[in-house]
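The lines below spell out each chain.
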Amino acid sequence: MASDRGSIPTGTAYGRPPQHPNHTLTKVGPGEPCGEYMRRFWQPVLASRNVTTRPREVRILGEDLLIFRDGEGRPGLLYPRCMHRGTSLFWGHVEPDGIRCCYHGWKFSVEGECLEQPCEPDGGANKAAARQPWYPVKERYGLVWAYMGPAEKMPLLPRWDVLEEIGEDEELSVVDNSFGAHRDPNGPEVAPYSWLHMNDNIMDPFHVQVLHSTFSEIQFVKEFEVMPTVDFEYIEAGVIYKAYRKLDDGREVDRISTWLAPNIMSVPSTQLAAGRSMGMGFVVPVDDTHCRIVSAMKMPKGAVRQPYRVKGKTWSEMSLEERQDVPNDYEAQAGQGPVSLHSEEHLVTSDRGIAMQRRFLEQDIRKVMAGGDPRGVILDPAQETVRVPSGNFFRQPVAA
Amino acid sequence: MASDRGSIPTGTAYGRPPQHPNHTLTKVGPGEPCGEYMRRFWQPVLASRNVTTRPREVRILGEDLLIFRDGEGRPGLLYPRCMHRGTSLFWGHVEPDGIRCCYHGWKFSVEGECLEQPCEPDGGANKAAARQPWYPVKERYGLVWAYMGPAEKMPLLPRWDVLEEIGEDEELSVVDNSFGAHRDPNGPEVAPYSWLHMNDNIMDPFHVQVLHSTFSEIQFVKEFEVMPTVDFEYIEAGVIYKAYRKLDDGREVDRISTWLAPNIMSVPSTQLAAGRSMGMGFVVPVDDTHCRIVSAMKMPKGAVRQPYRVKGKTWSEMSLEERQDVPNDYEAQAGQGPVSLHSEEHLVTSDRGIAMQRRFLEQDIRKVMAGGDPRGVILDPAQETVRVPSGNFFRQPVAA
Amino acid sequence: MASDRGSIPTGTAYGRPPQHPNHTLTKVGPGEPCGEYMRRFWQPVLASRNVTTRPREVRILGEDLLIFRDGEGRPGLLYPRCMHRGTSLFWGHVEPDGIRCCYHGWKFSVEGECLEQPCEPDGGANKAAARQPWYPVKERYGLVWAYMGPAEKMPLLPRWDVLEEIGEDEELSVVDNSFGAHRDPNGPEVAPYSWLHMNDNIMDPFHVQVLHSTFSEIQFVKEFEVMPTVDFEYIEAGVIYKAYRKLDDGREVDRISTWLAPNIMSVPSTQLAAGRSMGMGFVVPVDDTHCRIVSAMKMPKGAVRQPYRVKGKTWSEMSLEERQDVPNDYEAQAGQGPVSLHSEEHLVTSDRGIAMQRRFLEQDIRKVMAGGDPRGVILDPAQETVRVPSGNFFRQPVAA
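Going down the list, the protein sequences come from chains A, B and C. Count the first sequence with our numbering and you get residues 11 to 410, in order. Count the second sequence with our numbering and you get residues 11 to 410, in order. Count the third sequence with our numbering and you get residues 11 to 410, in order.
Chain A extracted, bound-state conformation:
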């Protein structure tokens, strides 16, 4: 008899069904729906300055690859295991025209052509038939970009207008280490969670009011303490929001932020500086549970982005308890786990931007699975340049 047992608690955690991620959006390896979708776009791999004649291992879209620059300055992105006997070309040496495996000396160009097989009779009569698996790369905006999709579907690498128009006193500041958690260079180079956590964050203007403004301390500027009125809107190849705020001093500002398929953002100045956004960011999936945040931003020449500090300490200098006191984007997103359990989420009105992004992604993932081209892929050189609407736009006072 229940009555013998006293009052019966309600809503307890007992008996919950198992929960799971939305794998359609989170699995990025070869052959996975999102993996194939992501492979239809050029992805930034590393800053150009970090691609040198010293071979370096990178993981991207669940694939372990090797990136280097040959002696003539050409960047290369190769499958790392030598096609001959599988020793990693990480142990190879770069020469003017390629990279040579340490074990038996096979040499490959940045496009995987086999240039030498020194132990073979006649230097390898059939070496022209050998090809080390490789991916096409390009350099632009201080970044090395890769195309990891089907060869016949290779699109153009877009130009984003905000990165094309660089003032005389400006330069592009390029980051390829996920900002190391709050711009701390000793933080993690790769964020230990799904790309979707950061992607969700882009169309989420409300967390700015809570996490960054009122929860612990002012992490951007005091003006974000005002809860905005927000409109979300689909654009041709993405989603934007317009967040309107009437500030305490009477000024009114429309903050427009942009998400472009598949993983591209242009966030306006978080210091609420007036005018158009100064840069682009890319949430590159490393694997299902890691992402690398890459960005290129116009800054005054010589300016250096400083780590965010709390009581003088950078992220890596803080204890776990100190981080509990002032959580930031890294904690909020890592706090969702290596990959969130989307089946147990409760999306509400203020999550409309996230819902729109995810719907866009699911539609285009299905489109790619059905053989189509996703939105945002550019094939026509006349449409190479993408207009980015982001910015902080202060409304003009009506003249008295």
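Don't take every hint at face value.
One copy or two, it doesn't matter: identical chains are merged, so the pair holds either way.
[Claimed, not checked] In silico BS3-like pairs for lysine-lysine, Cα to Cα no more than 30 Å straight-line:
#1 K308 with K148
#2 K137 with K256
#3 K163 with K311
Keep in mind that the hints were calculated from the coordinates and are not lab data.
Given chain A, put chains B and C in place with the hints provided.
Structure of chains B and C alone, referenced to chain A:
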């Protein structure tokens, strides 16, 4: 021909079949037979003193949970992933009436009620329908207890007589860190092996004579060098043993030790102090391969339990080789692996207590699977107090 | 239209099928084809000097075992989990006639016989029926050898002629730690890759010219810069190569190296010292992804093998980048991964020795699966001694 090969060895390790744990007794996650059985009892989680306004992660019965105390002093045990978007409430801040998520500010009471949704229109018109998964908790004996089972089956938290009768100069000494291996505070807070290893140890009076007394050095007292004569006996909700020893000095002692379902022990003084047992211990399954030993013991006010030392060194100060020289309970139980392979055991006459305990557990696990209530669950407040028979009882010399 | 997309790259890494190891040759656990094959031969476990009354854990052929020497000097190799209740005998103490478990005092001889059960009535009336799983061992050449196969198939432990004929000023130098990577005692005791990586290396004379001679620096001697002319040849129970070189100074040398089933090598002096090989090596599978390289070599009494140094630094003192500059056998083999993906290899003319070895192994693995005895197993004491053809043999100049 075998004869060509010389003598043929017998009994070698070649060709043994694969071995396995007794999963009926060792798997403690939700839905597992032992997991569901364990969930029918209140379990101690942490010492009250360790439950504060600083949220803390705990794993218990294979579930990752968050424990904290709200600003009004109420302990709470919540599912850690915020029901809204999954960020861990570990990064939340405690307020007088609950805990607030860092990401979008949802606030929950210690019973999971959603108190605020600040980014939603009208502060969340439907927030009353939202419920963060939670578990009921109680505080008693300096411990926070949780009930993780079906709501309609929630029993009373028992009172054990040895903890109820506290002398004026006594207080309860509460330990929630598994004693850190031989009471070394730098030892592991959670023991890296199945709860069953420690549970088996309770009804095993014979290892006292070997491991603790004659194998390396005297770890308790010299009197335990005498091999006891032992009777095992079922009681209503457990098993006890009576170990009789005639000591070298002519004294005779009956040592009674108690195991109560499902994971409760009351071990008499290991210094062979005369009289009833002074405390209770609990072998709480953390997951299938870890357990946390919690205990509450009456001690003189201000007394402090000192680490066990060998040649002046605590457990964590000893090298592996030094620990090989003087293994103790931690080594014997960790030495069975993360979870023992019960199919290859050879239980013998001296293991009768262990066999009785396991039979008891298997019977009641089946009873719970069939919908019944296990022995040891108390529903009637008149039966709330449990009498514990443990103690070291010296026989009176017959008057001359 | 493809033409809209510009030039289409060829041979990219996109769309490669999944690749896999040759599990027939790499899986060495009980019941696996290669595991059963390997178990038909005696395998060296550790150097005799490292087998003492201090029990030590070893893994071999995927099995975790315990090796020790009893108080009378007999080596023993036992299944580590006590047959009684599963506590590891690692925590046991060695006595003159065996090892005693710490928990309940059962004692076992080096052949697993149960000598004592102290807590049992009458000291264990049935203890003669108990047997701790064990493996036969022998000592020879400063090594402890184990036979882990079916008892009725136990062969003789071969004698290799190069280890039998020891000069008066010589002694056997025995190594059981895989040389710790390039003879650095601080390097890994066990190599973190499949035994097949090292086994492949034995019949691969060409990598000597690349990896060890021309890729970075001279790791053996300058003479190996000459690309050899090589013949490979099956012998009764293995494969040999004869590498002919005409040196710059006019000398001509035939270098003969030997691989014997299943994992045995005799490599001639890598300093190109003239004459027969001085020792034997054994690539013992630890598990599917680790191996232990054991060797016994005749050396002048008191001689000590020095670590290989680059710019004064041993392997463990070098940074990853310094190791990239001068990779050696460890890097080339570890660079193939924990276990190589043989399905994507491209074996060519210069890999003929490797192909022959693998064919030999696959044939004999099938033979064992069909119930036969593999080549190299010796049953007849008259054939106990194996002649090893390895050596550096300089051709005599024709008298003028």
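When the structure is checked against the list of hints, which entries are broken? Sort them ascending. 3
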